[in-house]
Structures are given as C-alpha cells and as structure tokens.
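Listed below, chain by chain, are the residues.
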Amino acid sequence: MTTAPSFPRPAVSGAGAATDPAAGTPETLGPPPPARPAPSARGPRRRWLRAVVLAALVLATVAFVYPLLWLLSASFKPRAEVFDNRLVPRTFTLDNYVTVWQEAPLALWLGNTVVVTVLAAGLVTVSSALVAWGFAFFRFRGRGPLFGLVLATMMLPGAVTMIPTFLIWNQLGLVGTNVPLWAGNLFASAFYVFLLRQFFLGLPREPFEAARLDGANNWQMFWRIAVPLCRPALVLTFLFEAQASWTDLMRPLIYLQDSSTFTIPRGLKALIDQFGPGGESQWEVVVTASVITTLPMILLFFLGQRHFVEGVATTGSKG
Amino acid sequence: MVRRRGAAAAGTSMVVAALALTGCAQGTGDEGADVDFSADGSPSGELSVMGFGTGDEIGEVRYDRATQDLEGVDVRLAEGELDIQAFLSAVASGNPPDLVYANRDQIGTFASRDAILPLDECVDAEGVDLDAFVDTAVEQVTFDGSVYGIPEFNQVQVTMANADLLSAAGLTVDDVNGSDRDAVTAANEALMRTAGGTLSVIGFDSKLPEFLPLWAKAAGADLLSEDGRTAQLDAPEVVEALEWAVGIYDAQGGFPAVKTYRDSADFFGAGNQFATGVLGAMPMEQWYINVLNESSPDAPMAFDAVRTPDGDAIAFASGSAWAVPRGSENPAAACRFARLMTETDAWVQAAQARADARAQDGLVFTGVLTGNEEADEQIRADLVPDDAPQPWQDAIDAMYEANDATFALPANPADNEFETAWQDAVNRVLNGQQEPADALAQAQDEAQQALDDAWARWDEED
Amino acid sequence: MTTPVAPALPTPATGGSREAPVRRRRARPSPSERRERNAALRFISPWIVGFVVFTAWPILYSAYLSLTDYDVINDPTFVGLDNYREMAQDPKVALSLWNTLVYTVVQVPLYTVVALALALLLNQAARSAGFFRTAFFIPKMTPPVAVGVLLLLLFNGQYGIVNEVLSWVGIQGPSWTTDQDWIKPGLVLISLWTVGSAVIILLAALRNVPNDLYDAARVDGAGFWRRTRAVTVPMISGALFFVVVINTIAGFQMFTEAYSAYFGAGNSTYRNDAALFYVIYLFQEGFQELHMGYASALAWLLFVVIMLVTVVQLVVSRRLVYYEGEQR
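Chains as they are written, first to last, in my numbering: chain A, 1 to 319; chain B, 1001 to 1462; chain C, 2001 to 2328.
Check the hints yourself; a few may be wrong.
Claimed, not checked - Listed next, the stretches of chain A that the computed footprint assigns to chain B, with coverage defined by at least 3 CB atoms under 8 Å from CB atoms of chain B:
{"no.": "1", "segment": "77–91"}
{"no.": "2", "segment": "163–176"}
{"no.": "3", "segment": "246–258"}
Derived by calculation from the structure, the hints in this document are not laboratory data.
Ideal placement from N, C-alpha and C gives every residue a C-beta, glycine not left out.
Let the sequences and hints guide you as you build the complete structure.
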C-alpha cells in the first residue's frame, strides 16, 4: 500500500532508522568517486593526524560491532553467564540453539517471513518501476502536480491511515492472514517511485530512439530496454524493501494472531514476552532468538552490500 | 473524450468500492446468534485454544485426559499467556479462537465488550457442578447472574523467606509476614545489603504493583465496593498501604534499583534468589513453593501465610478461567473441553502424577490449589503429606491456611480497566513520577469513569 | 550504464521539455497529447488505485471515525467532538506527546552530529574508508525488535556492559531500563547505534564537495573549524537537511524498539510511562482497548503535529540549505 515515509520502509516503523532513498539525481550509478587525496600539508603533522583519525575510527568500529559480538557470544552461554559480559564464553554451549528451536516454531516463522518478504519486495519493485516509468518517460499535463502528490504521500505518517486500513482488511476477512503484510505493495510505494524515477530519468536516449524506429510500443520499451538498464536500481529497491519487510513489527502485531503465522519480528517479540523480564527471565533464549533473527539480515547485507551502500549514498546527494 | 470519461468512471468506481469496503462500518459481532453448547453425541471438528500451555504435569495430564475424551476433535493450542490485544483483535476481526484461557480478572471486561459468551447453557449441557468450585472464584466470573467463565486454579500468597538470612539478622518469619508493618520495615533494613553502591541483597520485596490489594486489605480497606460499582482507591488506608510498600523499596535505593536487580535473577532455576541468598523475604504466589522444591530443594527456606495485624492469614485470590469467545466455531467442544479440564477427577489424576514424579525424585509433593474445592480436599487428604520435612511442611500448611482465608475483588464489568487504573497509579509512584496520594486520586477518577461506563452498558441491556 | 544525458527522454509525440514561457489560455489536449497521457496513466494506475483505496479514503474515513465511538465488534456511535474533548483532558496524551517531543528534539541533533562526525572521519581515511563504512552500517540491519532486546541487556543498570564501561572511567551509570529519567536517554543512545546509513549519505555528500573550495579557504588562512563551518557544512547542507527531516518524521513515530522493550504481554503489571511514546499510546488505544474512534482522533493530532513540524523545517531550509544548482 502506498504508505508514508518513515524509513526504512514506508510503514509505521521505529526511529533511529534514518534514511532510505528519497533519491536525488545521481550523477552516475557507479561506485562513489575515489577519495580525494589528502590536502597539501605533508609530513609528520599529517601523519599524526591520520593516526588520530584512524584511532577514532577503530574505537567507533569497536563500539558499533561490539553489541553484535556480545549478542553472538551470549547465545553460546548458559543462563547464569549471559550477563557476565565476557566476550569469550566461560562455558561454551550450543544448548540454547536447541532450546530455542524447541520452544518456538522458528523454522515456521522463518518460512513465513521469507514468503512475506519476497512477495512484498518483489511486488513493490515491479509496481514502483511501472509507476516510475509512467512519470519518467511520458510528458503530460498535470504530471508535475500528480508527482507532487506522490511526494506528498511520503510525508504522511503511517499512523493516520493505520486504523482505516485495518478496517478495510477486516472487512475483506483478511485479518489473521499475512496478506495485509504484502498485498499493499501491489500499488507501488511513493518512496521507490521517487527513487526509480530518478534512475529512469538518467537513462540515455539512444536505445529508445532506436527502438521507436523499430516500431516498439511503450510496454516493450519499458520491459525490454528500461528495465534491464536499470537493474541495479531494481535490485536496490528489492533489497531495501526486503529489509524493511523482514524487520517490520507493527503490521504483524496488528494483523497476525495465531503464532503459527508469525513473522520473525513478531515471533521474537512473543519470545521476549514469554522469556524476558516480565516472563520467565530466560534471557539466553531471547538472546539466541535475536541472533537467529539478525543473521539473515546480515547475510543479506553482505550479499547486496554494494547495492545497499551505493543506494543509500545516492539518496541523500540531493536531499 | 471517451477516454476521459473512462478515466473518470474508473475513478468513481474505485471510490465506490472503497466506500463499500469501509463506509458501511459495521460491527463484526453477530447479534445474539443462538449458540449451541450441546453436542449430540461427541463433538467433532477443530478446537483452537488461546492462552493455555501444557507446561507441567498438572497441565499435561489434564490436557491428555481431555483430548482423549474428545477423540473426534482436533485440538490446537496457541501457547503463551493470553495477549489481550491479540485476543480482542481476533474477536474484532471475526476470527476468534474457539476457546480462550484468561485471567479471572479479565473476564468482566471481555464480557462487557461482548467478546465472550455467557456459559449458563454450557453449564447445563455439560453438567458442570459450579458448587464444586471455590466460591470466590465463581463469583469473580459471574455477571448479571450469568457465569462467563469456568474457573481453573486458585492462587494465594504465602510469605517466603530465606531462613539463614533471617536468623543471621536475629529475625523470625513473624517479622516478615506482614502482621506488623513496622517489623517488616525494620526487617527490610536489617536484611538488605549493598556492595559498592549497588544492591547486593534485597531485604524485603513488597511485590508492587501486583500485591497492593493484599496490603490494602490487610489494613482493612477494599479497593472496590462490594457491589462492584464504586472504586475506593483513594481511601486513606489504601494510600497508607501504598506509602508503606513503596517505602520498602525506597529504603533499598528505589524501585528501579530493586527491579533491575530482580530482572537479572534466575527466577525459575537452581540459581534463584533464595538459593543464592540475595533475597530476604517476600510474599509470593504459592505455586513458587513447587518451583523452589524442584529446583533448589536444599535452599534454607522459611514459610508462613501472609497475616493481618490480628495474626489471621489473608490472601488475595486470583486465577484463570476458561471462556468461550463470541464467534467461536465450536462452542460445544469448547464447553466440553472446559468441563473436562476442571472436573474433580482431572485434578486428582494430575495431582497423582505430580506426587508420583516427586516421590521418584525424592522430593516433596507440596499440593496444588485447583480452584475446585472438591478436588482440593481430595488431593489434600490423599496425596499431600502432613509429615513432610521442614520447611516444606510449613509451606504446605501456610498454603492451605491461606486458601481458606481468601478474598477477591468483587466482580465488575470493567475489571481490566479498573486494574489498569490502579496499577498505573502504583507504577507512577514506583517510577517516582507522582506521590501516592495524587496517583491514587487520579486512579480513582479513571477507575470510577470506567466502572460507570461499563455498568451503564450492563444496566441498559437489562 | 552509458553516460546519462539531460532530463527528458524522447517522447513519442510532443518533443521538447518545457512549454514556452508565454502561453495563452490552455488549448484542449491534442490527440497525441491525450494518447501520451493515457499511456502514462496506464503505467501509473497501480499507484493511483493504491492512493485512493489506501491513502485518500483512509484519511477521510479516519476523520469520520475520530468523531465516533467504535470498537469494531459493535457498530460505531456518533459522538461528535467528544473524542477531542477527551484528548484535551487525557493526561496520557500530554504525556506521550511530551515523551515523543523530548525524544525527537534530543535524538535528531545528536544523531546528525554523530553521523557528521563519523562521516568527517571517514572522509579523512581514504583507502580504509570502505571497511569502516561497512562496520558502521551493519548494525542498521539488525531488526528493531532485536535492538529492543539489546537495549534491555546492554543497558541493564546492574549488569549491563554500558554501565561497566562507564565504571572504568569512574562514572556510576544509572538504571537505564527502569529509571524514568534515563529510559529516553537509553533509547536515544541505542538509536545512535544505527547511525550508519546517515553516515553513508553524509560521506557521499562530503565527497562531492569540490576541492577547490577548500583550497581557496585554506589560501585565505582559514583553519579546520573555520573551513568546516564556512565550506563543508553549507555544501552538504542538502544532505544534512535530508537526514534531519527524515529522522524527525521517524522520531515522531518511534514505536518498535520501545514497544519491544517496554510494552506488550510480558510487561503486564509493571509499566513505565517514560517510554510511552505517542504511537505506542495510539496503538494501545486502537488495538488493545479497541477505542478505534479515539485512536483515530489521536492519529489526526499526530498528523497535524508532523505536518507543522515538517513545514517549519521546509521553511527554515529555504534560508539555510544551499543546493548546488537547482534541478528540475
């Protein structure tokens, strides 16, 4: 569904999630220009400065990476040691992973999440590409204002439409299924429309002129030429939406009721409720489940690293 | 031209469609549909149950027995404690579970919202013997003369203490059972320890917010009038009780400090707070006796009931109940399942299983409070020892003594909102955001409002 | 990709970019213009449908609902402005609004500054920038629910690593997860952990600042801070503004991390109002208490507040933000 611009996905997600491409015009789609050579002053002063910068960066890296390492190492510890803050577990155990698998239908949840994510990301990529193409390729009266409307919807807080949207799905009898989690993406998302439009606008004329001469129609020009040329942008869209869909909590909270339909974030929340501070204080279970739910995202990141980083970089280049 | 009209037509039809979807916003609950609780012969089909888990033998044995009897029915459990939001959402979307396992103090709110059905017909059809149940338990789930839940379990509080810590401080369990508030305050100070500025031993845990009603009643005050219509949260005794209970925490560095420490404890395991000597005393629900016995049988424990200044035992009863949601697709099976889970035989069998398991492990069977008086008596007579090794005999005695001295909040149709109001007030005080008197005054307003609204709806329907 | 060219793609019928500046009254669209428009609308139709069904209609309907009492199980009852009146007196509305405001006002500048600092550092790091950039970005991939878990664990007042590190420098850390004064700061701090994406945006912007500006400034005798203030910040102000706006909107809708850590079935008796953010309250009223009418009214208030803030930011940006050449 067309939703608002809280990032990473236009849903009522949490904060600290900065960004997501509300792209500006990328100059090129290649890797960022090589770093500028260090400014003029050479010699010991420059070297000292570099050392300081490096030290600061290393320190920052430690701060950023440590929590994940902590999480990983805690998942290998027995309950009594979860809080002991040792990076290398005193007692190394794989029991938690077994327990978690028994206590919660993790495989089911992972499966559910994969289905929802692939559907959501796939649909939004296709539909947003279509809409973006409509705005990029054609010229028509009212194009500007209409696109302005698209932009405006990015500013809409998801909370405003949350309840009526729920009622719509309710009336359709789809509450309790995972359909509301992805079906809205059939209708493109303003965010990705904006992003993809930018990419389409950057395409060169020649292939299209040639195709026109060959008698290609609009659809063929879109499908056969524009899409292949913009593949990186499409991959980017897919990855971003995949990440947003995988990690969304609000929607599963609203629409999923039976624990067999849960997605990973919803399931993890249920585990926190059951095994966390209000529940049985079995932190080792919660920690291990967190690792299992974070791992796929990290994997996704490493697979699509180039895309993620470049995509994010280009979004802010012309706020 | 044609195209333009076409576009306009398309637009209009979309709007109409959207309108149709939501414009006619209606309630999804069916109006007074006749629900059939009696199954001719044996029930069949599916039974989805929300909020119940077969964690231990007491649950498992009864569950197995029930599912055996309900052969034709495919029973599916959605484990985990009932999430009110998930449940109400499910009812609202017309897709509720067939049977729900809730706290007795949620039943009133569910009934008020028409989210669950009155069970009188169910009781008749299945021959449920309501007299067999603990009176207060049944009262808690009865509204307007109709029963809305089948009670299961009864929970009472028992004072639990670390005997070693007590004796080291020259105290006895009398000092911490609540009969003398000043004694408890003093004991708290004697038992608590700090190390390097942080709490290392909790002296006394007054268990706020949950146990406020207990402390209030011990001082003679009821949070709610007997007819369930008037909130009495700002009564001076209640304020005093709250001030005292919060004071216990303040003496230990404030509730946040205590909670943080409590949160990291291995509550259900061998490293629990009593076993590791980091907790002096606290009132706690009686099922914890069983946990302690199982996971740390050698911990130095001392038990007693919670007592009033007169020395009498007192306990704030709570527990669960089975309820049938409106829109349940298999009310007959639901009803039978509820009956099977709570009848005397089921309880006795389950208790037997546990007693056997305990005997095998060389541990004590400390009894179980079922909410079913008949069952309780039988279990106590047949299975519970009266010569168990100390401290467990004390625990058993304390538990049964408390079970005979329970009180409960009067049934009322806004019980969930009422509870939220006073719990929020206590939380505000615990978090240092408000003073007890102001917090309770605010709670009084909120609670009374909720009560008035809910009662108005009930009175209308008569 | 081949070299991109200027804006317009060749269009089938009407070539050229803008209409001539001098226009008389608009003529009716020519057949080719209509063809063009209809072809475009065909491509755009998915969005239009979605807009009508999931945006426009819900906005209107939500306005209607805000004037009713509706619990979904029973029919809605019209109550006029009662919900709004109740909102004005509801202490939780003021509280949650306050919580949200405080959080956003603190978090956004801090987040931006930290992101900028890291980006500046990375900008100096030349070759190894890639490695560090990755390290900073990875936490962003952590599901927000897991972030909530990390909050509860790392910031635990008694055993958490945060307080342990603080104790190395002699500070006794507070109870981040239970002390009402420190719950929001805890949430702000953990939000900084996912600053990676903003770092990347700002880094890209930094790299786009032409060297000659720096050289010119240096020739004028400007030191590091002066250069930063006079050259760097204005040149990347577009990206900075973007980060600020996005984060503000996100901050106002803070939900997942706080909800995972402090609300839900597991926290049935102890609750801490310090973590009651506006959207959480909205969610509770709507989906827990089933006061859909009231929740809709709450949603509208949020809408208005966010709109106001965004407009203010846009107006301010006119004055402060410098774009290198206007684009279309």
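>> Going through the numbered hints above, which ones does this structure break? Give me the numbers in ascending order.
In response: The structure conflicts with no hint, since it agrees with every one listed earlier.
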